[in-house]
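There are 2 protein chains.
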Amino acid sequence: MNIAILGFGTVGTGVFKMINQVHRLTENLHVKYVFVRENKKDQLAEATASFDEIINDPEVEVVVEVLGGLEPAHQYILAALRHHKHVITANKAVIACYLEEFTQAAAENQVHFYFESSVGGGTPWISEIERAARVDDIDHIQGIFNGTSNFILDRMAQSGAAFADVLGQAQELGYAEADPSADVDGWDIANKLCISCDIAYDCFVSPSQDLPVFGIRNITAADINAFARQGYTVKLMGKSRQIGNAFDYAVEPTLYPRNTFEANTRENYNLISLHGQTIGDLNFIGQGAGQLPTANAIIQDILDIVERRDHLKRGFERQLTFQANLTKSDYLLRSTINYQQLFSNYDAHQVGDYVLVHQIPVGLMHSLMKNIQEKDPHAWMVNLPAESHEGAIQKVAYN
Amino acid sequence: MNIAILGFGTVGTGVFKMINQVHRLTENLHVKYVFVRENKKDQLAEATASFDEIINDPEVEVVVEVLGGLEPAHQYILAALRHHKHVITANKAVIACYLEEFTQAAAENQVHFYFESSVGGGTPWISEIERAARVDDIDHIQGIFNGTSNFILDRMAQSGAAFADVLGQAQELGYAEADPSADVDGWDIANKLCISCDIAYDCFVSPSQDLPVFGIRNITAADINAFARQGYTVKLMGKSRQIGNAFDYAVEPTLYPRNTFEANTRENYNLISLHGQTIGDLNFIGQGAGQLPTANAIIQDILDIVERRDHLKRGFERQLTFQANLTKSDYLLRSTINYQQLFSNYDAHQVGDYVLVHQIPVGLMHSLMKNIQEKDPHAWMVNLPAESHEGAIQKVAYN
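Same order as they appear, the protein sequences are chains A and B. Counting in our numbering, the final residue of the first sequence is number 399, and the numbers go up one at a time with none missing. Counting in our numbering, the final residue of the second sequence is number 399, and the numbers go up one at a time with none missing.
Incorrect hints may have been included.
Identical chains blur together in the list; that is why a pair holds if it fits in one copy or across any two.
Computed cross-link-like contacts, SDA-like style, restricted to lysine to any residue with a CA-CA straight-line distance of at most 20 Å [claimed, not checked]: (1) LYS313 / LEU303; (2) LYS40 / LEU67; (3) LYS17 / ALA133; (4) LYS32 / PHE261.
Hint data in this document are derived by calculation from the structure and do not stem from the laboratory. Predicted, not measured: the structure shown is a model, and the values here were computed from it.
Produce the complete structure using the sequences and hints provided.
Given below as structure tokens:
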């Protein structure tokens, strides 16, 4: 099977190397083209700077898109599908925005659009949601979906260093981008959660600025230390629940007691979980990023095409409504301004450096937080999951 | 698709209920027969006590074997395969002994023999080993494969109660059998590890009494308490490594620090892990047993047949040698007899209630332990994984 790889960065290079070096693959798979910029095309025999050459070559059956970003990735994927090429991509931003369009284009042209590597890196997350959804209604998804923010939180907890210092280390190690906002402000998780909900609920969820998404940019060493002294670890979580014909969705920092899988997910690992009626809780832990795990997931998609192991078909025809306030939760909030009147309808009281707000609808809490941040850009909040007992919450808050 | 279920215990009832009640399944799947004993056949319209009626009915395409035990399950599975029925079983004992024979009979009769539910209950373990093995050599498998022994160890750690008392509770709750030896002496794990190695290494590993298998029957509340005070939790693990053309294999109690996934795997959950060269570490956590998770895994196999998603083909033709002494490890040993001369070739010294034996070959340690137990049937040992630091080992031992 002839393959074209669009992009020759970390992941593209990994796919190229694996197809050429892993003995189980070399017999059946062949990289015919690597699409690169004009000024890079002399570095590799397979390199071309002409996208048209690739899509007009009838020998190319699979196009692997690892350019990243929305455009031209979006147009290239559509063009490849319309030229009857299967498309595999790791590009979560473009999938989150256009999965419905890509799914339709793939069906019309009788080819496959697969994207296992886009969420959870090497963790078999997309395929396991699809598998679980063959039997169960999946009613809960949650996880540590972003290795970079987890690395930062873990290093802060281990070292006691400030956010900015650890972010700098992560950038030096190549774990974080020069512009870290996708990782630390939660938008990378938002994209991954959208894709997960699309598949789990069979209902297209477009990422938008209105979603309850709150990150870790404002967390301080003092916050982490206060939680740690009481046995809590903070993790940046993506979460969604489906109840009846509605679902909610949030990205937010969350506290976990020390004896949980979440609290013990270290370094840049991912921990992703689903719940279904008959299967119960299933948890997957693996490397959420990295050259070889991500390339492995792309190659698994290629092998599914070779072996005709069709993925679950989704038409996104289910009518579910996004309800930001479907569930309630407890939050600890830290700000220098006086915002007590904002929470006058809720049981909210100052405890130590934080305000503890009890059982407030999640979407409302996020929108009030946006108001607070207009006046206090350093304000920060953290969710306390339902399993936390009142006593434990008080302990953290009063610390 | 018409299905016959052999056996109507917990799992068989679960499969029957799910096929008749889960809306995604009722359209395509139909239970035509439930094979039960002569005196039970009036309880259900689908019941029959005639196995011949089932295998001679050309409408039956799939036989689900959930009788348990070696015979007649072994003969029934072979007969069904030879009558061109696909066979799905949850019976790990019969698979561990006869997987090679079943695989061959299925191939000769152009049907499938699937067994996802046999290891890890609802956790997609077999399918994920097969998936990983499409790309990587899997060189390490380990896990908490048995929910009953994990439940006992967890309850002992939480309550401080003695082994016999907690075993009694587990029997009352239906988690442990009247004869608990398969669960507490490690033979259930041995069967599951054999099956996992068969698939991962493409090399048939038959369970035998010579394998290094040691259980938790002799653990005391004092042992658990001594480890806990130093931050360690004991878990009954199955482990295998493949190095070059050899592999090893052991079932043994093992100490884990408090901040590991293993130490935090509670109640009757399973945590199973694999390592491959490109995928790195992958961990799966889920309910290792229970009616609905196990029935879910059986139904996933049925759906793979319906959707023609063929599982990995294995011929067991790879030449790997079992080497009990392939790896070395540290052990803590507790016995009332004087056995110092047994370890004269190793760095072994008494520390508190235990002897700490450094870097002894695993197989040798297990066989020496069998010698010791001939004179001291209450002797017990626990493995200290390589990640444990010398200081930590000393701390536990000296406690």
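field: Which numbered hints fail
entry: Checked against the structure, the only hint that fails is number 4, while the rest are satisfied.
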